[in-house]
Each structure stands twice: as C-alpha cells, then as structure tokens.
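Asks: Counting from 2, one number per residue, gives the positions in the sequence shown under this note's numbering.
Any given hint could turn out to be false.
[What the hints assert, rightly or not] Under the rule of at most 27 Å between Cα atoms (straight-line distance), these lysine-lysine pairs were calculated in the DSS-like manner:
| # | residue 1 | residue 2 |
| --- | --- | --- |
| 1 | K68 | K34 |
| 2 | K34 | K86 |
| 3 | K68 | K86 |
Treat the hints as calculated values from the structure; they're not laboratory data.
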Amino acid sequence: MSRADSHCTPHAAAYALLVHGFCRNGFVLEALKVLRAMVGADMAPAADSRTRVYRSLLREARIGEAKELDAALRCVGDGGEGFGKVVNLLDRMIGNWVK
C-alpha cells in the first residue's frame, strides 16, 4: 500500500477508496489484499466497505466466505478485539483464492 521507505501511513479513507475501486472493477482479490492491509493496521472498515466486499464475494460465488468475513468484520466494527481473527481469515481467503 505504501513504499517501504515511507514514514507516512495510509488513512482509512485511502484504504476504503482502493477497496471500493477494486470491487467495482471486479478485482476482488486485490480488494481483499487492501482490506487485509487495512485491518492489519488496526483500522476497521466502514459499513459501506464491508458491504461492497460482501457483495463482490457473492458475485464470485464465494457465499460461505462472504458470510464468514462479514460476521468477522462486524465484530471489529463494533469495537471488538477481532482484528487478529480477521487478518487470519483474510490470509486464508487470499491463499485459497490463489490456489
């Protein structure tokens, strides 16, 4: 998301913009990677980003993953301590997507 030598960290709005753009253009795997970076930086995605990813996963016929990720992201969005759980879930989803 940012250069290795950069001291600036992306803002949640920048992550959301990328997630929305990737989803809108059918690049769901790339959207998941950006979402993973966002959650890895302890930033909870807003409801509209969560919905966009959910619908994109449904379009890809990944219904079970869509439901599981949506539930996990809701816990994070509600102030839960599920960031690690979501990161692990996204890592698994990204790994399965590539295989």
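Asks: If a hint holds in the structure, say so; if it does not, say that too.
Replies: Hints and how they fare:
no., hint, verdict
1, K68 to K34, "18 Å, holds"
2, K34 to K86, "15 Å, holds"
3, K68 to K86, "14 Å, holds"
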